[in-house]
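*Asks:* In case you want the letters, here they are:
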Amino acid sequence: MPQFTDLLFYALAGLTLLFGFLTVLNPLSRSPVTSAMFLVLTILSMAGLFVLLHAFFLAAVQILVYAGAVMVVFLFVIMLLDLKEDERRHFNQVAVGLGGLSALAIAGTLVAAVVKSVPAVAPAGRLAEGETKALGRLLFESHILPFEILSLLLLVATVGAILITKKDLR
Amino acid sequence: MEAINYLSPTAQMILFSALKIGVVFGVVMTAVAYAVLVERKVSAWIQDRVGPNRAAPFFVDYLPVIGPFLVKLGIFQPAADGLKFLLKEDFTPSYVRKVYFWLAPAITVIPALLTIAVIPFGSNLGGQKMVIADLNVGILYTFGIVSLGVYGIVLAGYGSNSKYPFLGSIRSSAQMISYEIAMGMSVVPIFLLTESLNLGEIIRYQAEHGWMILKQPLAFVIFLIAAFAETNRLPFDLPESESELVGGYHTEYSSMKFALFFLGEYANMIASAAMMVTLFLGGWTLPFIDALNLPAGSLLLGLVHIGVFLAKMAFFMIVFIWVRWMLPRFRYDQLMDLGWRRFIPLALANIVVTAIVVALFNH
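Chains as they are written, first to last, in the numbering used here: chain A, 74 to 243; chain B, 476 to 838.
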């Protein structure tokens, strides 16, 4: 049923954009917790888009890592800080300008990438052994160096985070 | 029955999926109701009490011997409990954040029920696979959905807008994130051995090579203990610990909203019991008997497989309940220490050792 999946794509893409918009600019609420919850919904609808692309692994990891772990920590911090001041604060004009500028830059990059790209044919042969395995091979055979560099970066970030939270360094 | 063959494959798929969802939902809801009864009875026996033995609907009088016996067992108690929850006043305090206060109970229940979708609770029944969604990334899906369960509790604490629920929800989010890591790491050796994330494949591997609990006892122990923390059960029920936080995250809730939290907790227990049976105890298979170890060829055998699965699940439910009434609660720093400094390093070591063994002997 190609039409049905098309319909689902437009619905999910629309929801992703709507929730994304409500994350940063919600007319009904200025509460940071509401923003965080809309970000969770954005992430969930993006996972839905991945499912439509048959990227089940990515969809599951998207939910597991972003919605399940990162956003919970976000909420945790927001609730602990209790940002009541921020609810009342007006828009910072410099921040709005800079934010708009970076949004435009990212949008420009994306449009350029889309215009330049050639519509690809789905590689049928590679997915034969299951897409999780294919992804693993890609990561650990062709892209092993960037992958390891990223792991190292994460390790450094973890050590840095622990260092910052230590009150007295001996 | 002939009419089914005339339907298109898509229509058949939708029909059978709807049927499976309906039946599984009914079974889980009934299991939740009776798990509460078993909890009350077992706690009564452990504390040398009798437990619920009074609830008796009108038709008991017409059943000569068996009626009073069923009343004594408390068989009708879940119906009375359910009605009580529905009919009690639903009180919303004035200081709550209404939207989140209303959303939180629903958000608690939904993930618990969604997890059950990928569990293969039997081999097949008349050509139908006994799993609602046969996903290739079954385990990752489960972990993803389980990790969403924390939102219900966090939002309950935030929405209630008072101190005890807030403390409970803060504790719960920290606890669930911590133990999710240990839990997720403890199952990695299983992927290494089975080379698949599909739960059906994992059961097939266990039918051929023996149950995973024998090959990965350490992973099983970590998973079991992390499951207690993830379901907020004693000895890790710090999010609601009634002796210090009144009722924790559900202090402000009453009536059906409170019942939904209750339902979510027991549905979570059922889901994690089902996961443990699937990952470590061979799912619906029983070793040494070929008829029970291979996918069923007849309706009767298919039903027997489902029965085996349910029996194994019931065993874990009893363990959950038994542990709750036997052990005291942990202190919060002990809980965190156990999660981060004992289980995560142990699980990591288990992954490394398994990977080395697999690399040496399988290739």
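It is worth saying that the hints were derived from the structure and are not from the lab.
Bear in mind the structure is a predicted one, so any value in this text is a computation, not a measurement.
Worth double-checking, as some hints may not be accurate.
Claimed, not checked - Cross-link-like lysine-lysine pairs, in silico, DSSO-like; alpha carbons within 30 Å at most:
id: 1; chain 1: B; residue 1: Lys516; chain 2: B; residue 2: Lys563
id: 2; chain 1: B; residue 1: Lys690; chain 2: A; residue 2: Lys206
id: 3; chain 1: A; residue 1: Lys206; chain 2: B; residue 2: Lys638
id: 4; chain 1: B; residue 1: Lys516; chain 2: A; residue 2: Lys239
id: 5; chain 1: B; residue 1: Lys573; chain 2: B; residue 2: Lys495
id: 6; chain 1: A; residue 1: Lys240; chain 2: B; residue 2: Lys495
*Asks:* Each hint: holds or not?
*Replies:* Here is how each hint holds up against the structure:
1. For the suggested pair B:Lys516 and B:Lys563, the alpha carbons sit about 24 Å apart, so the restraint of at most 30 Å is met.
2. Under the criterion of a C-alpha separation no larger than 30 Å, the hint pairing B:Lys690 with A:Lys206 is consistent with the structure, at around 23 Å.
3. Among the hinted pairs, A:Lys206 with B:Lys638 is inconsistent with the structure: their alpha-carbon atoms are about 47 Å apart, more than 30 Å.
4. About 48 Å separates the Cα atoms of B:Lys516 and A:Lys239, which puts this hinted pair outside 30 Å; it is violated.
5. For the hint pairing B:Lys573 with B:Lys495, the CA-to-CA distance comes to about 35 Å; that exceeds 30 Å, so the pair is violated.
6. Between the alpha carbons of A:Lys240 and B:Lys495 the distance comes to roughly 56 Å, so the proposed pair goes past 30 Å and is violated.
Hint compliance for this structure: hints 3, 4, 5, 6 are not met, and every other hint is.
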